[in-house]
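Model the full assembly from the supplied sequences, consistent with the hints where possible.
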Amino acid sequence: LQRWASTPLMSSLGPPFHASPSTTTPPGTRGYTFRLRGRLFYKRVPKFVPRRSWNVRSKWLEGNPFKKGICVKVTVKSPRKPHSGLRKVARVRLSNKRVVLAFIPGIGHNLQVHSVVLVRGGRANDIPGCNYKIVRGKYDCLPVKDRRS
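Each step along the sequence shown adds one to the number in the numbering used here, with nothing skipped, and position 47 is 47.
Keep in mind that the hints were calculated from the coordinates and are not lab data. All C-beta atoms, glycine included, are put in the ideal place defined by N, C-alpha and C. Wrong hints could be hidden among the right ones.
Distance condition first, Cα-Cα at most 30 Å in a straight line; then the derived DSSO-like pairs of lysine-lysine [as the list claims (entries may be wrong)]:
| no. | residue 1 | residue 2 |
| --- | --- | --- |
| 1 | Lys133 | Lys81 |
| 2 | Lys138 | Lys97 |
| 3 | Lys97 | Lys133 |
| 4 | Lys68 | Lys145 |
| 5 | Lys145 | Lys73 |
Per label pair, the in silico range of CB-to-CB distance [claimed, not checked]:
| no. | residue 1 | residue 2 | range |
| --- | --- | --- | --- |
| 6 | Pro143 | Leu86 | 19 to 29 Å |
| 7 | Ser53 | Asn110 | 35 to 45 Å |
| 8 | Asp140 | Lys81 | 32 to 42 Å |
| 9 | Thr75 | Val135 | 29 to 39 Å |
| 10 | Ser53 | Leu86 | 16 to 26 Å |
| 11 | Asn64 | Ser84 | 14 to 24 Å |
Printed below as a string of C-alpha cells:
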C-alpha cells in the first residue's frame with residue numbers, strides 16, 4: 001500500500017480508491033457507488049473488438065458487397081427536377097427480409113414480379129430513395145442485349 005502511493009503518478013491521485021469513502025474520489029476518476037455499478041453496462045461497447053462501419057447509403061446490405069433478392073414490384077419512376085425521362089426501378093425484398101428500391105441499369109430488361117436478382121450498393125443520382133442497383137447477367141436478370149463491351 002505504501003509502495004502504491006510512493007510513485008509520482010499515484011501520489012498525485014491521493015489516497016487509494018478503496019480506502020477513501022464513497023463521497024470523495026481521486027481526481028481524474030469517476031466515483032461509481034455500488035448502486036450505479038449495474039448501470040455501467042447500459043449501451044456498453046466491448047473493447048478491442050474491431051467494428052467495421054457499414055456504408056449508410058447501402059445499409060441493408062449489412063456490410064456485404066451483394067445481396068440476393070426477389071422482385072416485389074417492377075415500375076418506372078420519373079427523375080428529380082432538372083432531368084426528365086422514365087427510370088426503370090424495382091422493389092426488391094432482400095434475403096434479410098428488407099424491401100429496398102433498386103435501379104435497373106442498361107437499356108431494356110426482362111424483370112418481372114418474383115424474379116430473383118442480385119443487388120449491389122450504389123445509388124441512382126436522380127431517383128429519390130434509390131440507393132441500390134441490380135447486377136445485370138446474374139440470376140434472372142439477363143445482360144444488356146447487343147452490348148459489345
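Results of checking the hints against the structure:
1. Pair hint Lys133 plus Lys81 holds up; C-alpha atoms about 21 Å apart against a cutoff of 30 Å.
2. Between Lys138 and Lys97 the alpha-carbon distance is near 20 Å, which keeps this suggested pair within the 30 Å criterion.
3. As the CA atoms of Lys97 and Lys133 are separated by approximately 17 Å, the hinted pair is consistent with the 30 Å bound.
4. For the hint pairing Lys68 with Lys145, the CA-to-CA distance comes to about 22 Å; that is within 30 Å, so the pair holds.
5. Taken as a hint, the Lys145 and Lys73 pair is honoured in the structure, with Cα atoms around 22 Å apart against an allowance of 30 Å.
6. About 21 Å separates the C-beta atoms of Pro143 and Leu86, a value consistent with the hinted range of 19 to 29 Å.
7. Under the hint 35 to 45 Å, the C-beta atoms of Ser53 and Asn110, about 36 Å apart, fit the expected range.
8. For Asp140 and Lys81, the hinted distance range of 32 to 42 Å is satisfied, since their beta carbons lie about 33 Å from each other.
9. For the pair Thr75 and Val135, the beta carbons lie near 19 Å from each other, so the given range of 29 to 39 Å is not met.
10. With their beta carbons about 35 Å apart, Ser53 and Leu86 fall outside the hinted range of 16 to 26 Å.
11. Look at Asn64 against Ser84: about 34 Å separates their beta carbons, and that is not inside 14 to 24 Å.
This entry does not satisfy hints 9, 10 and 11, going by the numbered hints stated previously.
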